[in-house]
Each structure stands twice: as structure tokens, then as C-alpha cells.
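Novice: Chain by chain, the residues run as shown.
2 protein chains.
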Amino acid sequence: MKYYLGIDLGGTNVRVAKVDEEGNVKMIKDSPSYAKEGRDKVIRNIIEMIQTFDLSNVEGIGIGVPGPVDDKTNMMTMSTNLPGFENYPFAEIIEGATGKRVFVNNDANVAGVAEATVGAGKGCKIVYYFTQSTGIGGALVIDGHVVGGRKGYAGEIGNIVVKENAPKINHLALGAVENEASGTALGRKGKEILGEKGDSARKVFDLCRKGDPKAMEIIDQMAKDLGRMMGTIALICDPDCFVIGGGCSKSHDLYFDKLRTYMADYVHEGMKDVPIYLAQCQEPGVIGAAMLAREELK
Amino acid sequence: MKYYLGIDLGGTNVRVAKVDEEGNVKMIKDSPSYAKEGRDKVIRNIIEMIQTFDLSNVEGIGIGVPGPVDDKTNMMTMSTNLPGFENYPFAEIIEGATGKRVFVNNDANVAGVAEATVGAGKGCKIVYYFTQSTGIGGALVIDGHVVGGRKGYAGEIGNIVVKENAPKINHLALGAVENEASGTALGRKGKEILGEKGDSARKVFDLCRKGDPKAMEIIDQMAKDLGRMMGTIALICDPDCFVIGGGCSKSHDLYFDKLRTYMADYVHEGMKDVPIYLAQCQEPGVIGAAMLAREELK
Chain Z
1 MKYYLGIDLG GTNVRVAKVD EEGNVKMIKD SPSYAKEGRD KVIRNIIEMI
51 QTFDLSNVEG IGIGVPGPVD DKTNMMTMST NLPGFENYPF AEIIEGATGK
101 RVFVNNDANV AGVAEATVGA GKGCKIVYYF TQSTGIGGAL VIDGHVVGGR
151 KGYAGEIGNI VVKENAPKIN HLALGAVENE ASGTALGRKG KEILGEKGDS
201 ARKVFDLCRK GDPKAMEIID QMAKDLGRMM GTIALICDPD CFVIGGGCSK
251 SHDLYFDKLR TYMADYVHEG MKDVPIYLAQ CQEPGVIGAA MLAREELK
Chain D
1 MKYYLGIDLG GTNVRVAKVD EEGNVKMIKD SPSYAKEGRD KVIRNIIEMI
51 QTFDLSNVEG IGIGVPGPVD DKTNMMTMST NLPGFENYPF AEIIEGATGK
101 RVFVNNDANV AGVAEATVGA GKGCKIVYYF TQSTGIGGAL VIDGHVVGGR
151 KGYAGEIGNI VVKENAPKIN HLALGAVENE ASGTALGRKG KEILGEKGDS
201 ARKVFDLCRK GDPKAMEIID QMAKDLGRMM GTIALICDPD CFVIGGGCSK
251 SHDLYFDKLR TYMADYVHEG MKDVPIYLAQ CQEPGVIGAA MLAREELK
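So the protein sequences, as listed, match chains Z and D.
To convert, note that position 281 of the first sequence is 281 in our numbering; the numbers rise steadily by one, no gaps.
To convert, note that position 127 of the second sequence is 127 in our numbering; the numbers rise steadily by one, no gaps.
Treat each hint with caution, since some may be false.
In this list, chains with the same sequence are indistinguishable; a pair is considered to hold if it fits within one copy or across any two.
[Claimed, not checked] Heads up, simulated BS3-like pairs for lysine-lysine below, C-alpha to C-alpha not over 27 Å straight-line:
(1) Lys72 to Lys210
(2) Lys168 to Lys272
(3) Lys100 to Lys203
(4) Lys197 to Lys163
(5) Lys298 to Lys163
(6) Lys163 to Lys258
(7) Lys272 to Lys72
Simulated from the structure, these hints should not be mistaken for lab results.
No experiment lies behind these values; they were computed from the predicted model shown.
With the hints as extra help, turn the sequences into a complete structure.
Specialist: Structure (C-alpha cells):
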């Protein structure tokens with residue numbers, strides 16, 4: 001059996017796991033990422049964590065990071081949560097310290113690799129994974145390899161416009177799906193329409209489940225916007241399946257059926273039966289990072 | 001030097017060319033496709049045309065067809081211009097008659113392969129090609145291989161919605177970019193706004209070049225809609241370049257700069273400098289079909 005290290009590096013915490021070639025987590029350790037203490041501290045901490053594992057049977061290391069990565073250089077092209085990591089060769093430093101090949105990709109892409117290789121999309125040639133939580137980010141995974149793009153911006157689907165004459169909310173385009181259908185957006189809309197009792201995505205979903213008509217309308221509109229985004233994605237890559245993860249997807253019973261209905265307005269007849277799966281991996285961050293290394297070393 | 005046969009099968013004509021491995025057309029023949037006389041006649045005619053070539057140094061055969069193709073079965077999944085070809089194993093029949101491997105894909109995908117392998121996108125890892133003529137169709141080509149999709153619908157970008165509250169024009173979604181920015185759409189809008197003197201895309205481009213303000217407004221709006229479509233595509237696959245072909249692109253000097261400007265409203269800062277190239281191949285249909293075979297046989 002071959003093993004890989006999967007590292008989920010976030011702005012707050014970092015987790016390192018030893019994962020077998022079938023995606024089973026054998027051992028996992030976590031720690032603060034020390035992002036505020038500077039990149040040297042972050043990297044030193046990761047190397048120390050790696051060195052607590054038996055590396056003798058480890059084939060390679062994968063790392064998921066919170067931001068776009070240029071997979072040709074293994075460097076982040078934009079980094080808001082990890083100061084100093086933009087265009088910094090930290091993978092090379094970790095390779096030097098561990099003697100193992102290191103592969104980096106952004107966290108949504110890494111989760112997509114997890115679902116495509118050992119999760120809900122296992123066995124599908126083209127998997128389109130996206131996460132719907134604080135934000136919305138996606139990954140196009142073909143034959144186990146994620147499509148990174150020219151500068152790692154492939155999968156920045158949160159910026160796809162689905163609503164017209166929408167107000168300026170943040171740096172995203174007017175009417176961007178992330179500002180209409182993310183967990184953050186649900187909380188914002190819930191607060192506007194329902195007040196304090198609906199000021200988070202979780203509260204809106206709970207009210208919807210209890211049959212609150214306003215909450216049901218918010219979720220219906222969210223499904224409409226997300227379905228339109230999915231239709232657009234299907235027209236571009238016609239995936240063998242969609243896999244949806246992230247906090248909102250825990251309430252899949254309240255809107256996955258609606259997604260198919262609304263997506264149908266935007267695609268051709270033969271495309272309407274594309275499977276829509278709920279993400280399966282319990283630890284997509286570390287498992288996906290490990291599978292990223294497995295696929296790249298094939 | 002290796003050689004391939006490239007076949008461009010349309011609803012009206014069929015062209016067969018012998019192409020070397022670098023994409024140079026060595027010999028080309030054309031004929032009516034006899035679509036109205038039924039599929040057997042169409043296929044018999046193609047086989048007869050193939051047999052007039054010296055096949056001794058031919059590695060394989062590629063065929064471009066007017067409709068989506070399931071690249072796993074080599075069959076068309078939808079066929080309006082070639083009656084009887086839907087889910088019909090014509091590639092197998094041609095393989096049996098010629099003893100050569102046959103690879104089928106839709107015409108836009110085949111043109112994309114031509115531009116990605118020996119055309120304007122040569123050397124780029126991820127090429128997004130699209131044609132803007134009667135309709136709008138695209139192809140995502142990664143490392144020379146076109147992304148076909150679950151049922152061959154990848155690249156059906158003409159159906160991407162870019163305009164809201166748009167009227168129902170045909171089977172496409174309301175506000176689909178093909179009904180706003182194709183050559184057909186330009187002719188329709190030109191006739192509405194300019195009358196007979198602007199009732200075709202060519203006439204609208206000519207008037208625009210002469211400085212007619214209404215024609216310039218039509219082209220500006222077209223660039224806005226097309227730029228929005230390109231931004232959406234970039235968010236999903238972040239291509240190393242866009243390559244644009246089709247009749248409208250002959251007037252690239254009137255709107256390619258605008259495409260970049262308008263696309264910028266829909267993408268992140270680092271994505272705004274993606275190269276936008278004019279298609280280069282003189283014979284994308286037959287050359288792309290030949291390169292399709294070359295890439296699949298690698």
C-alpha cells in the first residue's frame with residue numbers, strides 16, 4: 001500500500017494527515033497555522049508537523065491553500081489569508097526540507113480532487129465540484145486532474161453573474177452568484193427579510209424546514225440562482241456529474257431537487273439528467289491534498 | 001513524416017483532405033454530402049472519397065460533424081443537418097471499410113483542435129476556441145485534447161444567457177448569447193434598426209467601418225454581450241488564450257479590443273490580460289479533423 005501526506009493549510013489552522021492510496025486517513029494532526037506570525041513561522045511549523053510522521057513509505061505531499069495557485073510554478077497567485085505567500089516558493093522549501101515532491105492547489109480544487117477520485121464522483125471522467133458555504137468556489141476535474149488554468153483562476157465561479165441590476169456588495173461583479181446564493185448571502189438576505197431570527201444561513205434553512213414562507217422563498221431564489229450557474233457550467237464542460245459540498249449542502253434535502261428543475265431552463269434537452277451528488281468525503285481538505293499528490297505522481 | 005485524413009462533413013458538402021503531422025494540407029477533395037438522400041448514401045460517398053487517396057502512409061482518420069458527439073461511442077447524440085446520424089455507428093462502418101481508426105467530434109470542437117495544435121493557440125496548454133458566425137459554438141482544448149463532455153454538449157456556449165428580459169426567439173434560452181451576438185443576431189438587429197441597408201452581419205460591419213452611429217452601437221452591444229460570455233468562460237477554465245474564428249471575426253479590428261474591455265467587468269484583476277487571438281487556420285475543418293486523429297493516436 002502506498003501513502004501520501006495531505007495538508008490542509010488555512011488562514012487559522014493547518015492539518016496534516018497520512019492517507020493511503022485509497023483515500024483512507026491513517027493519522028491526522030492539527031495546529032494553528034500562525035498566519036499572523038509571518039510566512040517563515042507558518043512554513044517552519046508545517047515542516048515540524050511533517051517530520052513527526054514516518055515518511056519512509058510516503059510517496060509525496062499535497063497541500064491545499066486558501067487562494068488561486070499557478071500549478072506550473074506551485075505558487076499562490078493571490079493570497080489574502082496567508083500574508084506573504086503570494087508568488088512565494090514555499091512548496092520548494094518544503095521539498096528541500098522533506099525530500100518529498102510537493103504539489104499545491106487551492107482548497108476548492110483539492111476538495112474537488114477528493115470527490116472525483118475517492119468521493120461522490122468516483123468513476124466519472126468529468127466531475128464538476130463546487131462548495132457552497134461562506135463563498136462559492138468550484139473545480140473542474142478531468143480524469144482525476146484538476147483544471148487549474150493560466151493563473152489558477154479556473155473555478156472562480158463565485159463571480160459568475162446570475163442576477164441583473166443587482167447592487168454593488170463587494171469586490172465581486174454585480175449580481176455575482178456568490179452574493180446571491182452563498183451561505184453568507186443567505187444570512188444577509190435572511191436578516192433583511194426575517195430579521196434576527198433569520199440572520200444566518202443555518203437559521204434560514206431551519207425556518208424553511210419549519211415551513212416559514214419567507215424563508216422558503218429565500219431558499220427557492222437561491223436554488224434558482226445556483227441552478228442558472230450550474231446550467232452555465234454544463235454548457236461549457238458538460239460534466240458527467242455535479243458534486244456539491246460546503247455547509248449549505250447539509251440541507252440538500254431542501255433544494256437539490258430544485259437545482260435540477262431550475263438548471264433545466266438553461267441547458268439543452270439531453271443535458272437535463274446530469275447527476276447531482278452530495279459531497280461524500282468527511283475530510284476533503286487533507287484527503288484531496290493527498291489524492292492531488294497521488295494523481296500528479298501517476 | 002506521418003499523414004492523417006481530415007474529413008469535414010456538413011449538411012451540404014463534405015471535404016476530405018490528406019494532412020501531414022504538422023497540419024499542412026497535401027491534397028483536398030470535396031463533394032456534396034447527399035444528406036437528403038439518406039445516411040447510407042452519405043457514408044458510401046465518404047468511403048469512395050477516402051479510397052481515392054493513397055492510404056498506405058495514413059495513420060488515422062478524423063471527422064468533424066455538425067452536432068454534438070459522444071466521444072466515448074464516436075456517435076452523434078443530436079443531428080439536425082444529417083438525418084439518421086443520431087446514435088448511428090457510422091465511424092465503425094468507415095473503420096471497417098478502410099481499416100483505419102476513425103475519430104469523430106463536432107465541427108466547433110474540431111476547429112478548436114486545429115487552432116490549439118497548429119493554429120493561433122499553438123503552445124498554449126488550455127485554449128478556449130469559439131466560432132462566431134451563423135451561430136456561436138466553442139471548444140475547450142487542454143493539451144491538444146478537446147473536452148467533449150458527458151454527451152458531447154461541452155462547448156454549447158451559444159446558450160449562455162447574457163441578456164435579461166430578452167424575448168423568446170427560438171429554442172435557445174431567453175437572452176442566449178447566440179441570439180444577441182452571432183452573425184445571425186447582428187443581421188436581425190441590423191434589419192430592425194437600420195432596415196435593408198443593414199440586414200446582414202456583413203452590412204452592419206461595413207456600416208460600422210464607415211462610422212454609421214447606429215451600426216457602431218449594434219457592434220458595441222455585441223462586444224458587450226460576447227465579452228460577458230468570455231468572462232464567464234474564463235471564470236470556469238481560466239484559459240491560456242481565447243481564439244476566435246467564424247465569419248464575424250474577419251472584422252476583428254472593429255471589436256476585439258472592446259471584448260477585452262467588457263470582459264474585464266466580469267473577471268478578477270489577474271485575469272484581465274488573457275490573450276485574445278484571431279483564428280489562423282485556413283482550413284480548420286479538415287486540418288482539425290486530421291489533428292483530432294493525431295492527438296487521439298498519440
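Novice: Now look at each hint and say whether the structure bears it out.
Specialist: Outcome of the hint check:
1. Lys72 to Lys210: Neither. Shortest intra-copy (49 Å) and inter-copy (46 Å) distances fail the 27 Å Cα cut-off.
2. Lys168 to Lys272: between (32 Å within a copy, 20 Å between copies)
3. Lys100 to Lys203: neither (45 Å within a copy, 62 Å between copies)
4. Lys197 to Lys163: within (26 Å within a copy, 36 Å between copies)
5. Lys298 to Lys163: neither (42 Å within a copy, 44 Å between copies)
6. Lys163 to Lys258: both (18 Å within a copy, 23 Å between copies)
7. Lys272 to Lys72: between (35 Å within a copy, 19 Å between copies)
The structure shown violates the earlier hints numbered 1, 3, 5.
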